[in-house]
Amino acid sequence: MDSLNPEHPPLTMTPADHAPRVWRFLGTALWGLLIFVAMFVGQVGAILLLAALRGLPIDMASIQSVGREPAALALSVIMGLPATLLAVWLAIRIKKASFVDYLALRWPSWMQLLFGAVGLILLVLAWETVSRSLGREATPGFMTDLLKSGRDKGAALLLLIAFSVAAPMSEEVLARGFLFRGWSASFLRVPGAIILSSLVWTVVHLQYDLYFLAEVFTIGLWFGYMRYRANSLWLTIVLHALNNMTAVVLTMWLGG
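Position 243, counted from 1, in the sequence shown is what the UniProt record's numbering calls 243; the numbers after and before it change by one each time, with no gaps.
Derived from the structure by calculation, the hints contain no laboratory data.
Any given hint could be a false lead.
Keeping only pairs whose Cα atoms sit at most 20 Å apart, straight-line, the calculated EDC-like set for lysine to aspartate or glutamate is [what the hints assert, rightly or not]:
(1) Lys148 with Glu69
(2) Lys153 with Glu69
(3) Lys148 with Glu137
Restraint ranges, calculated between C-beta atoms of paired labels, are given here [what the hints assert, rightly or not]:
(4) Trp253 with Asp209: 19 to 29 Å
(5) Ser109 with Asp145: 37 to 47 Å
(6) Phe217 with Val118: 15 to 25 Å
(7) Trp253 with Tyr208: 14 to 24 Å
(8) Val203 with Lys95: 16 to 26 Å
(9) Arg106 with Leu56: 39 to 49 Å
(10) Arg136 with Ser65: 29 to 39 Å
(11) Val203 with Leu49: 22 to 32 Å
From the three backbone atoms N, C-alpha and C, an ideal C-beta is built for every residue, glycine too.
All chains should be modelled from the sequences, with the hints used to inform the complete structure.
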């Protein structure tokens, strides 16, 4: 037998063979921070490029001035997507894992999509009812002003692409893709990963007040549950895109 032959010793597993192909809690957290920084750099970089093309000085005043323009803001959001994808790809590549499998880029069934959409609609309607009972706006005022200004200045399509395609993809790849994958494999398990990734996603929206942040968090919990239930990131990307697209269209063209 080869296993007893000194010239053919049995195969032994090295520690590298057992190395996990998923970043766990700390690795996911650190890489998540780097991914967020990459997204931010991509967004700010677009603003800086526009300022430079106009011959403006590269300072905070120029960034704020250009960044308030609807078209510039839309381009900023769009440019955050490739930066996010590149950083996530690098993190997964280091683990020698499959990008598609790591992020669960599988198309959901129509029943899963329907179930997720119905749950999202009920959740949004519940918040809409609470907003009306409290005399609050259903959409943050600054977003309403931005979208209507973009419509009047011919940037409606660009804003629609930014908020209905680029933003959902960037945020879902980070939150329900990379963060959920790593944290669900850690001591947090699935429930903790859903909660913590939803909190991180909420922090990304700190431009809102506490009321809207609470709404964002609950929607994040639903997205996290659907990501786990369907094992599909495409499902949450689609749900996120539908939610944003509905808000953008209602605000820009129907005054909702």
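Status of each hint after checking the structure:
no.	hint	in the structure
1	Lys148 with Glu69	12 Å, holds
2	Lys153 with Glu69	9 Å, holds
3	Lys148 with Glu137	15 Å, holds
4	Trp253 with Asp209: 19 to 29 Å	25 Å, holds
5	Ser109 with Asp145: 37 to 47 Å	40 Å, holds
6	Phe217 with Val118: 15 to 25 Å	20 Å, holds
7	Trp253 with Tyr208: 14 to 24 Å	22 Å, holds
8	Val203 with Lys95: 16 to 26 Å	25 Å, holds
9	Arg106 with Leu56: 39 to 49 Å	45 Å, holds
10	Arg136 with Ser65: 29 to 39 Å	30 Å, holds
11	Val203 with Leu49: 22 to 32 Å	27 Å, holds
Checked against the numbered hints above, the structure violates none of them.
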